[in-house]
Amino acid sequence: MTTIDLDATKFDAEKLFQRKRLIGFGIPAVIAVYFVYIFFAFDLPGLAGRANMENAVTLASDSWSHKVHVTRDNRSGEITYAVEGERKGRYPDGQRPDWVTGDDAIIIDLGREHIVRYLPDNRTEIEIPGFQLIEVQAEGRTVTTNLPDDLPDWISASDRRVGITTPEGRITLTGARTEVFNYFPGWELFWFTLDSPYYGQSLATILFGDQIDPARSNITGAVSDWWNNAMWRHKDVAWAIGETILMAFLGTMGAAIIALPLGFLAAKRFSPFMLVRAATRRLFDFVRGVDALIWTVVLARAFGPGPLTGALAILITDTGTFGKIFSEALENVDQKQIEGVASTGAKPLQRYRFGVIPQIVPVLLAQILYFLESNTRSATIIGAITGGGIGLMLTQAIQTQKDWEEVAYYIVLIIAMVMFMDWFSGWLRGKLIGRKD
Amino acid sequence: MADISLSGAPHQVDGIQASYMAQVQRRRLYGGLTLLIFVVLMVSGFNVADDRNAGGFWEGLHQIGDYPADVLSEAWEKRADLPALIAKYFPALVETINIAAVSTLIGAIGGLFLSLLGTRGLAKWPLLIPLFRRISDIMRAVPEIVIALVLIFVLGGGPVPAMIAIAIHTAGALAKMFSEVSENTDLKAVEGLASTGATWSQRMLLGVLPQVAPNYVSYTLLRFEINIRASAILGFVGAGGLGYELRNSMAWGPGRFDEAAAIFILLFGTIVFFDQVSSRYRNRLTEGQGQ
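Residue numbers (this note's numbering), protein chains in the order written: chain A, 1 to 437; chain W, 1001 to 1291.
Warning: the hint list may mix true and false statements.
Simulated restraints on C-beta separations [as the list claims (entries may be wrong)]:
1. Gly-1065/W with Arg-269/A: 28 to 36 Å
2. Glu-339/A with Leu-1029/W: 41 to 49 Å
3. Pro-1130/W with Ser-156/A: 47 to 55 Å
4. Asp-1186/W with Gly-426/A: 43 to 51 Å
5. Ile-258/A with Gly-1255/W: 53 to 61 Å
6. Asp-98/A with Trp-1200/W: 41 to 49 Å
7. Ala-1054/W with Ser-343/A: 55 to 63 Å
8. Gln-1017/W with Phe-354/A: 57 to 65 Å
9. Ile-357/A with Ser-1019/W: 21 to 29 Å
10. Ile-357/A with Ile-1016/W: 21 to 29 Å
No wet-lab data here; the hints were simulated from the structure.
Every residue gets a Cβ at the ideal spot worked out from N, C-alpha and C, and that includes glycine.
Construct the entire structure; sequences and hints are all you get.
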């Protein structure tokens, strides 16, 4: 090698290094610049102003705790006790939580010496350690208090409404009613609502104890009361999860059934006509490109909201994806096996059945099962748009903005459902085509 | 000897044939049963879905074309406005693409760390491998809409909730795909670097990443395609971008179908464009590896 050659090689190597160095620094720099652009395009500095931290606190505390409302109607003087303030969670007449005592004056013990007393004539006394005794009188539409002018920030007071927030509970007083919220950890009434005879019974009592409800045996009664629980709606939730999985199943399998023959049409090996091939491929590209969102919107107009619409949206979109994958798999089949089958005198259909299908089945099954899992997630999202399944229940629960424990419950169920489908499709794949490793 | 084998052979062949036929029949029976169960599941599933749907399948079937026809005819009448509308919604499209791009980038970085920390032989803390794997499993299992809806409640509508939601799911999904690749890396380079006293991050950066980069980039591009669709869908539930505009114009109904049509066109064009571009680059990346 001459010196000139060597110099040229060195020069080339130098240039190569320089280029690599440029890329090594350039790509991170471009990404950093892009992030800076996004930082301003998405208005992240303004996000702190828009974010509602109170919502975050409500969400975080409500998702693992529940509150019991003690409400006095200041017109009729009637007092109600209800979990989450809902009609479904109301204590039956004559029953009340054990932290409420007294007959004429109702004494509510919120814990740690925070005590609220509902006195006759719509008077209320609130004892909070380290603060003066608060007296409130409700009259017509106004409330009068003995509160001083400068208030700590956990009390808000006007002549229409007084709100007191303590770590032990919240108290709101208006002319029309006086309300105390007492917070407890846990998901209340998850098993039985208050009107069920099984409420408050231990598992052992239900399984082995005396018959609680004379009309039903303990286990059937308990299961049916739990299943029909009006607060948590276990039956509806189970149906919703079933609907979501059904959408994914029908959509994926239907797409596979339709895409298989179309895949033959689009594969060069099996479809001699260029025009047919090109048309099928463009059809696949089209249905894939339109995307599940638009299909959902279009189909919901024709079929109305529900699981069928979601299933069809998944079916149409995935027909495109499957068609593409299947036709690629079909192009790669080994010709020798087909020839072998043909040499036995097999007719074309038999050649496909015994020469082609066994070769592509593992690829097909692997893809179908993978999509089954991923479509469970899509079905949740599509359900939120088209109105079906657990996605809809989740959206509704979030939009009412109060039942955060139900939201947490649904989220846990959704994650469990997706993980189950992931495991199930992996298990089925292992059973049908054997494990890779 | 010869007699025995001659008289024995037909018997053996008969036996083999009989057991073979029995095996074939059993397989056919199992195959038939599986097919039967599958057909029953499909038919009954279809009936259940049809029952629980607001409108029936057969009643709705002939109406499928109605809505697209309405939209198209109105858009055709106002076709002169279409370019202006497309220009009007272009910023929303940019937002949708930005959401997808940022969340793919963040998700890829997160997935990279999760996969390196969760792969045997590469992990910095081998004891914590199961922990990082479970984390990525859970991140993968959460549908984007769950996080997006919760974050919209806290942060208000806009692109940020969608971005975070998609990024979390992407990190989990990519972590799984990345770790499948990084399990097959050649550890010799890593060992060589370790012998020179390289730190963990140097070993990963110089020993592992050059081996896995083409596959990682290819998976990330695939994820970007998926995320464009996801970011359009999340817009529909209030997270900004093109989906949000689509919902608004659809809620309006007839009279603003030209806007819906403009958004359809933009969305369709974008998805097809990025599909084509990314599949071209992915092919190039994986082909280069085969050589």
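Verification of the supplied hints:
Evaluation of the 28 to 36 Å hint for Gly-1065/W and Arg-269/A yields a pass: the beta carbon distance comes to about 34 Å. At roughly 31 Å, the beta carbons of Glu-339/A and Leu-1029/W sit outside the given window of 41 to 49 Å. Between Pro-1130/W and Ser-156/A, the C-beta spacing of about 49 Å keeps the proposed range 47 to 55 Å intact. Between Asp-1186/W and Gly-426/A the beta carbon distance is about 27 Å. The supplied range of 43 to 51 Å is therefore violated.
About 36 Å separates the C-beta atoms of Ile-258/A and Gly-1255/W, a value inconsistent with the hinted range of 53 to 61 Å. Take Asp-98/A and Trp-1200/W: their Cβ atoms lie about 57 Å apart, and the range 41 to 49 Å is violated. A hinted range of 55 to 63 Å holds for the C-beta pair Ala-1054/W and Ser-343/A, which are about 56 Å apart. Checking the proposed 57 to 65 Å range against Gln-1017/W and Phe-354/A shows it is violated: the Cβ atoms sit about 20 Å from each other.
For Ile-357/A and Ser-1019/W, the hinted distance range of 21 to 29 Å is satisfied, since their beta carbons lie about 25 Å from each other. Range check, Ile-357/A to Ile-1016/W: about 26 Å between beta-carbon atoms, so the 21 to 29 Å window is met.
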